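Asks: One letter stands for each residue in the lines below.
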Amino acid sequence: MMKLFSSLKVMLGAAPQRPTEYTPEAQAMMEAKRLVKGPEKARQIKAAHAEKHSHKWRNIRWATLIAVNLIFVLSYRFDVQLVEGALTASRVIGFHFADLNSAIQVMLAYKVILINLVIGTGTVLFMWWLLGGRTFCSWTCPYHLLAEIAEKIHLALAKRKMVVDYPLHRGSRTVLYVVFAALAFISGYTVFESISPTGIVSRALIYGPGLAMVWVLGLLAYEIIFIRRMWCRYICPIGLTYGFVGAVSPLRVSYSMENCLHEGDCRKVCLVPHVLDCTKKTYADDIKVAIGSDCTRCGLCIDACPTGSLKYEVKGLNRLL
Amino acid sequence: MTEHDAPPKAAPVLHANTKTRRMVMRSIAMGGAVVGASLFGFFPVLRKWTPRLRPPGAIDETDFLAACIKCGQCVQVCPVKAIELGDLDEGFGVGVPYVPARAQACDFSCDAVQCVLACPTGALSHKISKKEEVRMGLARLDRPNACLARKGEGFKGVARPAPFKGVHRYPEIDRWKPVKLAEYKYDLALCDLCVRECPVPNAITLEPLSGDPADKRRTPVVHQACVGCGMCEMICPTEPASIVIDIRRKWGDA
Chain C
2 MMKLFSSLKV MLGAAPQRPT EYTPEAQAMM EAKRLVKGPE KARQIKAAHA
52 EKHSHKWRNI RWATLIAVNL IFVLSYRFDV QLVEGALTAS RVIGFHFADL
102 NSAIQVMLAY KVILINLVIG TGTVLFMWWL LGGRTFCSWT CPYHLLAEIA
152 EKIHLALAKR KMVVDYPLHR GSRTVLYVVF AALAFISGYT VFESISPTGI
202 VSRALIYGPG LAMVWVLGLL AYEIIFIRRM WCRYICPIGL TYGFVGAVSP
252 LRVSYSMENC LHEGDCRKVC LVPHVLDCTK KTYADDIKVA IGSDCTRCGL
302 CIDACPTGSL KYEVKGLNRL L
Chain H
182 MTEHDAPPKA APVLHANTKT RRMVMRSIAM GGAVVGASLF GFFPVLRKWT
232 PRLRPPGAID ETDFLAACIK CGQCVQVCPV KAIELGDLDE GFGVGVPYVP
282 ARAQACDFSC DAVQCVLACP TGALSHKISK KEEVRMGLAR LDRPNACLAR
332 KGEGFKGVAR PAPFKGVHRY PEIDRWKPVK LAEYKYDLAL CDLCVRECPV
382 PNAITLEPLS GDPADKRRTP VVHQACVGCG MCEMICPTEP ASIVIDIRRK
432 WGDA
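Respectively, the protein sequence lines represent chains C and H.
Residue numbering for the first sequence follows our numbering, starting at 2 and increasing by one per position.
Residue numbering for the second sequence follows our numbering, starting at 182 and increasing by one per position.
Rather than coming from a laboratory, the hints here were simulated on the basis of the structure.
The structure displayed is predicted, hence computed values, not measured ones.
One or more of the hints may lead you astray.
As a list, the in silico DSSO-like pairs of lysine-lysine whose alpha-carbon atoms are at most 30 Å apart [to be verified]:
(1) H:332 to C:112
(2) C:112 to H:431
(3) H:200 to C:162
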C-alpha cells in the first residue's frame, strides 16, 4: 500500500526517494556488488553490451500501434464496421469504447452522465486495467509514435550540440490536469479536447487531415528544438488518467537487481526515467521491484538492458508458473 | 568608489536552487502557453465565426459542443456522407460534426436517423427516432428574384453540374444506391426541385403568385413541418442557392 502511494506521488511530480530500509537479500546483494572493482565492472558492462542489440519490444509495439490505428482507418475506408469511431470514442464490434480522459472531460463539461458513455468507459477501464494503465500511451496513441520520432531527432541534434533540452517540472502535468478538469467544468466546453493531439491525429488519420494538424506539427517542432518529449512528459492529462488505472494493473515491468550493472542505459531511453530510479545503485529496496505507475510499458528499457534485468511480468503469474 | 575599484564580478554559478527555480519558471510559462492556446477555442465559439448546421438530433449548441466526444461515429454511419467534422478554426468545435448542406445535405435516406443511434454521448439526442421529429433549422427563400419557380421557368438538365460531388438516394431509382446529382437529369415544365426532393412530407409547397390561372409563376412556401435538413438548399439549381437553411431557427422565431 505504501509502495502504491509513493508510486502515485512520483507520478504526480514528486522526486523519487532513496529507500531508507532494505530487505536482507537486497542488502547482501548490494554488498556483493560493492566488491566488484571498477575495471572488472567496466569489462562486465562492455561484455554485456557486446551481446545485446535488440529492438524486439519496440518493433512489436510499433507494429501494434500502427495496426490498431490502421484498423480504425481501414474499417471506415472499406466500411467493414469492425471498429467505428476514433480513439476518443468508438464501437468495437458493437461494444462501446470511450477514452477515459475524453469521457471525463465530456462528463465535466456536459454534467449529464449518459449510459452509453458509462458502458464505454467501463469497457475501456477494464481493458486498460488488465493491460496496465499507461499502455494506452505507448501501444495505441498515434501522437506517441510521432513524438517518439521527434524525440529521436531531438536526441540526434542534441548529440551534435544543435539543440538543448530544457526540462520542465514533472508536476506541471498534475497542475494542468486539474486546470483542464476545472476549465471543462466551469466553461462547459471540453477545452482540452480542442488541443489534444491524440484526438486530432486520430481523426486526421481516419477522416483526413485539416488545419488542426498545424498545431500538432508545431508541438512536434517545439519538442525537437526545445523540450524533449514535452507533451507526453509534462502536459498530457490522458497519460495521468491512465496512470491511475495502471497503478494496480497485473501486467507491469519488473526490475531484478541481480545482474544489473547500474550503467543506466534504461534511463536514457525511457520516456519517464523517474520510474526507473530503482535501477540506480542503492535505490532498490528489494532484489525485485515492480516499476511504478507512470510507466507506459513501452519496453524500450527491456530492449536497452544488456543484462535482462528488466522484464514484462504478470503479477501473481510467476508464482503459478 | 568608482566602477573600476570594484572587485571583478565572479561568473554566475548555477546553483541547484537556481536551476530548479528556472525549471519551475519554464514550467509555469509552458503551462500558461498551453492553457492560453486551449482558450483560443473560445473566440470562434462565442463570436459565432462559423455557424454550423448540426446533424439531426443535435441538442442545444452549447450543450452539443460540451457533450460531443469528437469521435465521428455519426460520420461513419451516414450513407450519403453528409456529416463532416469541424476544424481548428471552429475552436471548441474542432472534431464536432456538421452538415454542409449546400455541398451535401442530409436526405434522411437512412430512415432511422442512423447518426443519432451511433452517437455514444447523447450529443445527438436519442429522443429523436424519426425524421419528422428532427429540428436542425428552417428553410427560407433567400433570393426570391433568382428562384426559377417564381419566374415561372422550367428546368432541364442536371441540378448541380459537375464537378459537384453531392449525392442523393432517389427512391424511384434505387432506394439504397446514392446517385450523383451531377449525373441525374431533370426535365420539368416548372422548376419544383425543392418541393420534389424534400424528404419530409408537407414541409414545403409551391403556391401560386397571383390569382390568375394562366400565370405559371409559383413561390416555394416553407411550412412548420420543415426540419431544416438542407435538401432544398443542395438541390436548388440557381447559383448561389435561392433557398437556404437558417441554422437552428425554429418555427415562430423572428
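Asks: Compare the structure with each hint and give your call.
Replies: Hints, one by one, checked against the model:
| no. | hint | result |
| --- | --- | --- |
| 1 | H:332 to C:112 | violated, 52 Å |
| 2 | C:112 to H:431 | holds, 26 Å |
| 3 | H:200 to C:162 | holds, 20 Å |
Violated hints amount to a single one, hint 1; each of the other numbered hints is respected by the structure.
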